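> Here's the letter readout for the chains.
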Amino acid sequence: MRDVFIKALYERMLTDDTIFFLSADFGAPALDKLRTKFSDRFVNVGIAEQNLINVATGLALEGFTVYVYAIAPFLSMRAYEQIRNSAILAQIRGININLISVGAGLSYDVTGPTHHCLEDSCIMTVLPNFIVFSPSDPVLSEKFVDYSLKQSGPKYIRMDGKAQPELYTEGHIISFEDGFTELRKGTDACIISTGYMTHQAIKVAEKLSLDNIKAGIIDVYFLKPFNEKLLVRYLKKYKHIITMEEAFLNKGGLDTLIENACFSNRVFVGLTKLGFGDRYVFDVGNRANLYKMNELDIDNMISKIKTDITSRSKS
Amino acid sequence: MDSIECLKSKAVWVKKELLKIHKIAPGIRIASSLSCVEILTTLYYGGIINFNSQNIFWEQRDRFIISKAHGSVAFYPILADLGFWGMEQLALVGKPGGILADIPDCSIPGYETVNGSLGHGLGVACGIALALKRKNRKEKVFVLSGDGELFEGSVWEAIMFASHHKLNNLILIIDNNKICMLDYCKNIINFEPVEDKFKVFGWQTTSVDGHNIPDLYHALIHEKGSRIEKPKVIVANTVKGKGVPRLESDSLCHIKSLSIEEIDKLLMEMH
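Residue numbers (the working numbering), protein chains in the order written: chain A, 1 to 315; chain B, 316 to 586.
Only chain A is shown next, with the shape it has when bound in the complex (with noise of 0.2 Å):
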């Protein structure tokens, strides 16, 4: 996801030369073409998140349009007041500034909590005038960058740590007006993620059909601003919902934006929310591991999805 990103970020910047790409000592395989052809646009700050944000800032406030490269825990969190106070208070300016911020929830999966991001959509979500964007795949990754271009003000952009395969096809629409994509249609229950866990959903639905339950897919890739309105009018049609995500849960996260759309929208159905519970996870493992461990793998996640269903059902 990061590396088409890169890549299609670099033939942008071969022809516009007023994108600037700031790194605080991270890299990719297709950022080295990049940082080698533009070296006078690409910046290496060091191991120093709160500069990365104040010294682009800097640099937006000047006309170019800045891209900062880091890992999510320290971008997300060492340099939150500088997100805050400088990105974003700066943009009455009209400034564009976007955060590649590359480990979503348990990206880096056997390095343990430190470098797990599980709070992200929470505290990012928290703050006004900022676009949130968590895409699932490469294609949409790919297509954020000319967005990113044209729509100016601070973005902060979840990726995953890791290469994930494409979702979506020629046949989905891709709306970033709408913030969400119905990846597959339902009539029992609707399942709602974001980023990695839509891959999840997948397989969990696939699952669920074995069952005889059809479970529809929604993938949001815009957790700000999140399109409340038009979600709801695709959930009305449930009885059942369930929200995944790589992310703490009932912290302000998707499932809190899920939860908080139904009720102030009198939309009265059963809630699954899938994630992880409040407390960090020291747990040693992969990341297939480290789910079935924090009981999220897909049957465990079938299990609590099928006993919400039926416990509801009787009552």
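These are calculated hints, taken from the structure and not from any lab test.
Watch out, some of these pointers could steer you wrong.
[Claimed, not checked] Now the in silico label distances, taken between C-beta atoms and shown as ranges:
no.: 1; chain 1: A; residue 1: I173; chain 2: B; residue 2: K410; range: 48 to 56 Å
no.: 2; chain 1: B; residue 1: D417; chain 2: A; residue 2: Y147; range: 34 to 42 Å
no.: 3; chain 1: A; residue 1: I174; chain 2: B; residue 2: P508; range: 53 to 61 Å
[Claimed, not checked] Each computed SDA-like pair below joins lysine to any residue, with the alpha-carbon atoms no more than 20 Å apart:
no.: 4; chain 1: B; residue 1: K448; chain 2: A; residue 2: R35
no.: 5; chain 1: B; residue 1: K450; chain 2: A; residue 2: R35
no.: 6; chain 1: A; residue 1: K251; chain 2: A; residue 2: F42
no.: 7; chain 1: B; residue 1: K448; chain 2: A; residue 2: T18
no.: 8; chain 1: B; residue 1: K481; chain 2: A; residue 2: S39
no.: 9; chain 1: B; residue 1: K453; chain 2: A; residue 2: R41
no.: 10; chain 1: A; residue 1: K37; chain 2: B; residue 2: K545
no.: 11; chain 1: B; residue 1: K450; chain 2: A; residue 2: F42
no.: 12; chain 1: B; residue 1: K448; chain 2: A; residue 2: S39
no.: 13; chain 1: B; residue 1: K448; chain 2: A; residue 2: D17
no.: 14; chain 1: B; residue 1: K448; chain 2: A; residue 2: R41
no.: 15; chain 1: A; residue 1: K37; chain 2: B; residue 2: K450
no.: 16; chain 1: B; residue 1: K481; chain 2: A; residue 2: N44
no.: 17; chain 1: B; residue 1: K450; chain 2: A; residue 2: I47
no.: 18; chain 1: B; residue 1: K448; chain 2: A; residue 2: D40
no.: 19; chain 1: B; residue 1: K481; chain 2: A; residue 2: K239
no.: 20; chain 1: B; residue 1: K448; chain 2: A; residue 2: F42
no.: 21; chain 1: B; residue 1: K481; chain 2: A; residue 2: R41
no.: 22; chain 1: B; residue 1: K450; chain 2: A; residue 2: M13
no.: 23; chain 1: A; residue 1: K292; chain 2: A; residue 2: G112
no.: 24; chain 1: A; residue 1: K236; chain 2: A; residue 2: A261
no.: 25; chain 1: A; residue 1: K251; chain 2: A; residue 2: C262
no.: 26; chain 1: B; residue 1: K450; chain 2: A; residue 2: R41
no.: 27; chain 1: B; residue 1: K450; chain 2: A; residue 2: S39
no.: 28; chain 1: A; residue 1: K37; chain 2: B; residue 2: E454
no.: 29; chain 1: A; residue 1: K37; chain 2: B; residue 2: K448
no.: 30; chain 1: B; residue 1: K448; chain 2: A; residue 2: M13
no.: 31; chain 1: B; residue 1: K481; chain 2: A; residue 2: D40
no.: 32; chain 1: B; residue 1: K453; chain 2: A; residue 2: K37
no.: 33; chain 1: B; residue 1: K481; chain 2: A; residue 2: I47
no.: 34; chain 1: B; residue 1: K545; chain 2: A; residue 2: D40
no.: 35; chain 1: B; residue 1: K453; chain 2: A; residue 2: K236
no.: 36; chain 1: B; residue 1: K450; chain 2: A; residue 2: L14
no.: 37; chain 1: B; residue 1: K450; chain 2: A; residue 2: T15
no.: 38; chain 1: B; residue 1: K481; chain 2: A; residue 2: F42
no.: 39; chain 1: B; residue 1: K450; chain 2: A; residue 2: D17
no.: 40; chain 1: B; residue 1: K450; chain 2: A; residue 2: A261
As the structure is a prediction and not an experimental result, all values here were calculated from the model.
Just so it is clear, CB atoms sit at the ideal spot from N, CA and C, and this is done for glycine as well.
Given chain A's structure and the hints, the job is docking chain B onto it.
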């Protein structure tokens, strides 16, 4: 010498206006504001900084970031006097209908960006200085920081960045008033001598009496014109609460306010 006398009398006027603001807005940090009056006066009335109050983002302006939060209020009378906005705003500090709060925000004409919380100004200035260099522009970037602000780690990230990138279009002025909120800086974490730290980090350094307008003027003119391939810092040694004996002698002066009677007496005595 006439112009120096003009600057001196302008500095007195700025102080008087500051005290009048303090009268209606007791929450402003008057001591922090009083230590940088001569610096701001010299920058803006001494012809150091190019600006256009009728076209605030004029491309040929020198960029000035005042990063010392509460002390940034000292800039209010100057911006009003120079026509960035109306003088009537000075009577509305902290009041509904006005644009000026106890700490200025980046929406106020004349302020390039945020002015506190502390530790942001120099990093943003580095980005601006880098941008100007890439665009081959000659304008300079000035930053005014407090010495207590140097405790912020982000400042040192920016200090290293500026030196590595040879941002010689960047001039940092430290209002070295030696007092934080609760105590003298040297009693909290002693980083004196400040100049040595900057030298080690690859900056051109100079120090000056921050209340001596001729000295300030010459230091600023010299650093603005210097072509040395380094960022430059002017350590302006100042007194927190300058001109108010009760504040000057108090390590807690940052959080002290003056009574209306004290202000009136000071205004009578000032000339």
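> Give a verdict on every hint.
Okay, the hints, checked on the actual structure:
1. A/I173 x B/K410: 48 to 56 Å: Holds: the Cβ-Cβ distance is about 52 Å, inside 48 to 56 Å.
2. B/D417 x A/Y147: 34 to 42 Å: Since B/D417 and A/Y147 have Cβ atoms about 39 Å apart, the given range 34 to 42 Å holds.
3. A/I174 x B/P508: 53 to 61 Å: About 59 Å separates the Cβ atoms of A/I174 and B/P508, which means 53 to 61 Å holds.
4. B/K448 x A/R35: holds, 19 Å
5. B/K450 x A/R35: Between B/K450 and A/R35 the Cα gap is close to 19 Å, so the pair holds against 20 Å.
6. A/K251 x A/F42: Violated, at about 36 Å.
7. B/K448 x A/T18: holds, 13 Å
8. B/K481 x A/S39: Given that 20 Å is the threshold and the Cα spacing comes to 16 Å, the pair holds.
9. B/K453 x A/R41: Cα-Cα ~19 Å, so holds.
10. A/K37 x B/K545: violated, 26 Å
11. B/K450 x A/F42: OK: B/K450 and A/F42 at ~15 Å, within 20 Å.
12. B/K448 x A/S39: Distance ~14 Å between B/K448 and A/S39 Cα, so the pair holds.
13. B/K448 x A/D17: holds, 14 Å
14. B/K448 x A/R41: holds, 11 Å
15. A/K37 x B/K450: holds, 18 Å
16. B/K481 x A/N44: At roughly 15 Å apart (the allowed maximum being 20 Å), A/N44 and B/K481 satisfy the hint.
17. B/K450 x A/I47: At roughly 26 Å apart (the allowed maximum being 20 Å), A/I47 and B/K450 break the hint.
18. B/K448 x A/D40: holds, 11 Å
19. B/K481 x A/K239: Distance of about 63 Å is beyond 20 Å: violated.
20. B/K448 x A/F42: Cα-Cα ~14 Å, so holds.
21. B/K481 x A/R41: holds, 16 Å
22. B/K450 x A/M13: holds, 16 Å
23. A/K292 x A/G112: holds, 16 Å
24. A/K236 x A/A261: holds, 11 Å
25. A/K251 x A/C262: holds, 16 Å
26. B/K450 x A/R41: This hinted pair holds, its Cα atoms lying about 11 Å apart.
27. B/K450 x A/S39: Roughly 15 Å between the alpha carbons, so the hint for B/K450 and A/S39 holds.
28. A/K37 x B/E454: violated, 28 Å
29. A/K37 x B/K448: Judged against 20 Å, a Cα distance of about 19 Å means the pair holds.
30. B/K448 x A/M13: holds, 19 Å
31. B/K481 x A/D40: Distance of about 14 Å is within 20 Å: holds.
32. B/K453 x A/K37: Measuring from Cα to Cα gives roughly 26 Å; hence the hint is violated.
33. B/K481 x A/I47: holds, 19 Å
34. B/K545 x A/D40: The hint holds at about 19 Å.
35. B/K453 x A/K236: violated, 60 Å
36. B/K450 x A/L14: holds, 17 Å
37. B/K450 x A/T15: Roughly 17 Å between the alpha carbons, so the hint for B/K450 and A/T15 holds.
38. B/K481 x A/F42: holds, 16 Å
39. B/K450 x A/D17: holds, 11 Å
40. B/K450 x A/A261: Measuring from Cα to Cα gives roughly 47 Å; hence the hint is violated.
The structure fails to meet hints 6, 10, 17, 19, 28, 32, 35 and 40 from the earlier list, while all remaining hints are met.
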